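Using the sequences and the hints, build the whole thing.
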Amino acid sequence: MPTFFLAALLLVLGLVVPATTLANSPLANSVLPSSAQVAQLAADPFWRVLLYYQPVHGGYVSQATQSDFFLSPQGRTSPAAELQATLQRWLGETSPAPDTSVSCRFPARISWLRQRLGITPEQHAEAPCPALETWLAAINPAQATLVFASAYLNNPSSMFGHTLLRIDTPDQSESAPLLAYAVNYAAETRESNGIMFAVKGLTGGYPGGFSILPYYQKVKEYNDFENRDLWEYQLTLSPAEIHRLLQHLWEMRGIHFPYYFFSDNCSYELLGLIESARPGLALRQQFPVYAIPVDTVRVVLAQQGLLKAMHYRASSATRLSHEVAHNSQAVNDAARQLMQQPDAGTPGLSPVEHAQAQETAYDDLYYRYLSRQVPADSTPPLLRALLVARSQTDVPDQRTLPPQPAVDPANGHATSRIGLDAGDDAGRGFVGLDLRPAYHDLLDPPGGYVAGARIDFLDTGLRYTPKTEQLRLEHFTLFAIDSLSPRNDFFKPLSWDGAMGLREEPLDASGHFSHSDRHPVSYAEGGAGVSIAPAEGMLCYGQLQANLEASPALKQGWQDGFGPRLGCLAASQQSQWQLELGSLYRHEQQVWESHALLGWQYQLNPAQALRLSLSVTAENSQRAGTGSLVWLYYY
Amino acid sequence: MMKKLLVVALLAGCSSFAMADQDVGCGLGTMIFSGQSGLLPKVFAATTNGTFGNQTFGITTGTLGCEQDGVISSRAKLSMYTGSNIENVARDMSVGHGDSLNVVADLMGVKDQDKAHFFETTKANFGKIFAPENKTTGQILAALHQVMVQDATLAPYAV
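Chains as they are written, first to last, in the working numbering: chain A, 1 to 635; chain B, 1 to 159.
If you're looking for bench data, these hints aren't it; they were derived computationally from the structure. Be careful, since some hints might not be right.
Listed below are the simulated DSS-like cross-link pairs for lysine-lysine, each with C-alpha atoms no more than 30 angstroms apart in a straight line [unchecked claim]:
#	chain 1	residue 1	chain 2	residue 2
1	B	K135	B	K111
2	B	K128	A	K220
3	A	K220	B	K135
4	B	K135	B	K115
5	B	K115	A	K220
6	A	K220	B	K111
7	B	K128	B	K115
8	A	K220	B	K77
9	B	K77	A	K308
10	B	K77	B	K111
Computed from a prediction, not measured in an experiment: that's the story for all the values here.
See the structure below:
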């Protein structure tokens, strides 16, 4: 009788299976899924999670394009056909082969179906999966930690951050996190051309895939090579949930999706992986257009009770800065000398100070070595000699860990912002609306972001002038990046900026400077220079800028400019200041065009702020001024 | 002689894969202070923020020798770890303290009560372990092994 019912089931499922393969199945008729059950399972959101189905035109299409990810030829576009094919293959396997059976290839899918249908091992036995079991045993999963790699200055593609998932063992020893495995989703490319990388990265030109590697490799890569601080958010996912996640990760071996830098990126796909841990989690739906890594961390942590603990792992550069700030001037001076001559004497220093100088000399020289600021051939013997000398100094380790910043990236301001403003432009009052989808500018609250880093995308400002009943596009910023990293005795980074967009400028219809007239120009500009941090929470910068503008209002249709830009930023508990002065020499007209800008932002609460901005532009003896008060809302 | 034997023994653990592994011997061939090879100037680098052209492990890139489906074989754990972190291990050893050295102790099975002695001994013998002629992780591990076998407390861990 069971054979009959199973045959009936398989007919329902649309399969013609030789009777011999059914005859041996011990599956009892009482547990056979009804067609209603099959339909219900196919419509279950978790089935869509496991197979990466995305709603398209009223139907579904999987992100996966490889046919070996599916068991049905229609699998990519039909969740129901795929579910039917999976049940047929699975239940039809009477003597499944180790490692190659459907339950070894797709263990998460089969475990879920088994559990939902209540099919016991006695009713349908599974083949052993030694490869999977060995893999799971080596990883020894018990908990998971979401790791956020914060941005580092001077690399625009890192500014949005990066996320990975660490699979922790039950072991609580200090070594455990470093020896744990990290799951990373990344585009696979050896592209070295920055422009090709950008173009292909934006258009899905690279295959993206999951990889797994020891966490110490990632720590080395981010903390040491890239000088990015790591934030580790330990999650409360249960061992059973992590096990399910890894079963699913196993299914993803060799599977690639087109990688899109802004949307289907590292963080977005990692959310999909986390969804596979716990049926019912819906994380990716909050990122229909683009996924900023820090936002994905926030969405995960916003799940009730999902965060267990947080840990900060400072980068080499952060630790070195802390060390230098902690040392006396005499120690730092001695360290710089030891870098040249490891066995030099340090007269006047105590043994402890001598040890500090030796440590700082090594840490700084190693930092410079990795960032290629010192010769690659003559430096290694110096590094080795510094360590040998340190080992002969009988003083305990003097390095201390930098304190964890007060605000972690997940608690920084939200990355989207809307602003309502009212102000005056050359005697005409206006009201305005400003929309900025991403990410952070120099007056936004700095907590959780890299100080001195600005990255604005698609910032759009509209202004309405009641007097003239005019609605105008005041600015549209395609992108604007500032990378202001302060220099000190040890670090000598370059500060730079770059921006493209459209904005109104004080020009009349014939391209002359105007006190009252405004015309839009498109612009591209950028510059480079240096920054210093004269006091805690303060940053001052000086750069040389080049600017190119185009507009029908301009005499030749375009103009260029070249000149200095100087400014200071200051931040306190609740407010941020910016003062900037700049000049551009317009060589066609042989005039200097200067500007002064004062900005102040006061934080009302984490989501709201008031911003005052005053700016004056001057050419010869003419001036055009504007001022506004903006209410900002972060979301 | 002892040193050479040990290097050979350690290499043998993964020797069948050595041809596929550019870093011969699961990390043992890693040169200390070999720097950050192959990475481009940072501004235009195709960074790890989405690429792993320079990553050798991964369930997508197949077996490179000392790992299977991304996990490191237990025999290669110490050499892989030390090879990846040789500079940090050296830094920690020079002060007799630190996370990176602690991991090495754990991977060698050094018990908690013997760790302080392990740290102290490696610091005292730093010049021997990181002697200028020891350029690869394999040579450094062999020198460490030699120091340990001559120490009554640490000899049992040097196997």
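Structure-based check of all given hints:
1. For the suggested pair K135/B and K111/B, the alpha carbons sit about 28 angstroms apart, so the restraint of at most 30 angstroms is met.
2. For the proposed pair K128/B and K220/A, the alpha carbon gap of about 26 angstroms is at most 30 angstroms, so the pair holds.
3. Distance check on the hinted pair: K220/A and K135/B sit about 20 angstroms apart at the alpha-carbon level, within 30 angstroms; holds.
4. Proximity of K135/B to K115/B is assessed by CA-CA distance (about 25 angstroms); at most 30 angstroms being required, the pair is judged to hold.
5. With a C-alpha separation of about 24 angstroms, the suggested pair K115/B and K220/A falls inside the 30 angstroms cut-off, and the hint holds.
6. Simply put, K220/A and K111/B have alpha-carbon atoms about 26 angstroms apart, close enough for the 30 angstroms limit, and the pair holds.
7. The hinted pair formed by K128/B and K115/B meets the criterion: a straight-line CA distance of about 19 angstroms does not exceed 30 angstroms.
8. Straight-line distance between C-alpha atoms of K220/A and K77/B comes to about 16 angstroms, which keeps the hinted pair within the 30 angstroms bound.
9. Pair hint K77/B plus K308/A holds up; C-alpha atoms about 29 angstroms apart against a cutoff of 30 angstroms.
10. Proposed proximity of K77/B and K111/B is supported: the alpha carbons are some 18 angstroms apart, at most 30 angstroms.
Consistency with the previously given hints is maintained throughout, with no hint failing.
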